[in-house]
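Counted the way mature numbering (1 follows the signal peptide of the UniProt record, and there is no 0) counts, the sequence shown spans residues -22 to -1, 1 to 125.
Calculated from the structure, these hints are not laboratory results. On a predicted model such as this, the values are computed, not experimentally measured, just so you know. Heads up, a few of these hints could be off.
Said to hold, decoys possible - Think about it this way: if two alpha-carbon atoms lie no more than 27 Å apart in a straight line, the pair counts; the simulated DSSO-like pairs of lysine-lysine are:
{"id": "1", "residue 1": "K72", "residue 2": "K86"}
{"id": "2", "residue 1": "K86", "residue 2": "K38"}
{"id": "3", "residue 1": "K38", "residue 2": "K101"}
{"id": "4", "residue 1": "K54", "residue 2": "K37"}
{"id": "5", "residue 1": "K88", "residue 2": "K101"}
{"id": "6", "residue 1": "K72", "residue 2": "K101"}
{"id": "7", "residue 1": "K101", "residue 2": "K37"}
{"id": "8", "residue 1": "K86", "residue 2": "K54"}
{"id": "9", "residue 1": "K86", "residue 2": "K101"}
{"id": "10", "residue 1": "K37", "residue 2": "K88"}
{"id": "11", "residue 1": "K72", "residue 2": "K88"}
{"id": "12", "residue 1": "K49", "residue 2": "K88"}
{"id": "13", "residue 1": "K101", "residue 2": "K54"}
{"id": "14", "residue 1": "K54", "residue 2": "K35"}
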Amino acid sequence: MKPLLIISTLATLLVACGQNDAASGAGTSTTNANALADTANYTSIQWLDSTYQDLGKVKKGQVVEIAWRFKNTGNKPLVIQSVRPGCGCTVADKPEAPLAPGAEGTIKGKFDSNNQSAGEHRKVISVDANTSGSAYHQLNFRVEVME
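Using the sequences and the accompanying hints, generate a full structural model.
Structure representation (structure tokens):
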């Protein structure tokens, strides 16, 4: 009788814990991944800033911030699945929540010139989103590091 009581108690706890994860949004990344796989969820994006930016000259050791603004011009929520800088000298942030149709968002980046050699550098940030035409977008910038 005791083993049956223990098993039923454990089963109840497992079910209760599973419901809490679903309510807390633990499945958000799965939902976002589904948005990229399901073409019925595709939308369109308009880059409000050029996808290429020239940051000019910076002194070695300087950290430069950069931003790209965009708008969801489709009729489905826009999901920015991933934002991947091309190297370790650049970091980038993405909106975590889907953007409603008509909403605007920003992808922010930082370039750290500390370990870069003097001269011109061209960097890329790759963006994956649930957009028709292509789910892959490239954000580019140029910077000249001065000693």
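Tested hints:
With a C-alpha separation of about 7 Å, the suggested pairing of K72 with K86 holds against the 27 Å cut-off. This hinted pair checks out: K86 and K38 have alpha carbons roughly 21 Å apart, not beyond 27 Å. About 16 Å separates the Cα atoms of K38 and K101, which keeps this hinted pair within 27 Å; it holds. In summary, the hint linking K54 to K37 is not supported, as the alpha carbons are separated by about 43 Å, beyond the 27 Å threshold.
Pair hint K88 plus K101 holds up; C-alpha atoms about 11 Å apart against a cutoff of 27 Å. With a CA separation close to 17 Å, the supplied pair K72 and K101 stays within the 27 Å bound. In summary, the hint linking K101 to K37 is supported, as the alpha carbons are separated by about 17 Å, within the 27 Å threshold. For the hint pairing K86 with K54, the CA-to-CA distance comes to about 23 Å; that is within 27 Å, so the pair holds.
This hinted pair checks out: K86 and K101 have alpha carbons roughly 14 Å apart, not beyond 27 Å. Between K37 and K88 the alpha-carbon distance is near 15 Å, which keeps this suggested pair within the 27 Å criterion. Our distance criterion of 27 Å between C-alpha atoms is met by K72 and K88, whose separation comes to about 12 Å. The hinted pair formed by K49 and K88 meets the criterion: a straight-line CA distance of about 21 Å does not exceed 27 Å.
Between the alpha carbons of K101 and K54 the distance comes to roughly 31 Å, so the proposed pair goes past 27 Å and is violated. Note on K54 and K35: the hinted pairing is violated, with a Cα-Cα distance of about 40 Å set against a maximum of 27 Å.
Hint compliance for this structure: hints 4, 13 and 14 are broken, all remaining hints hold.
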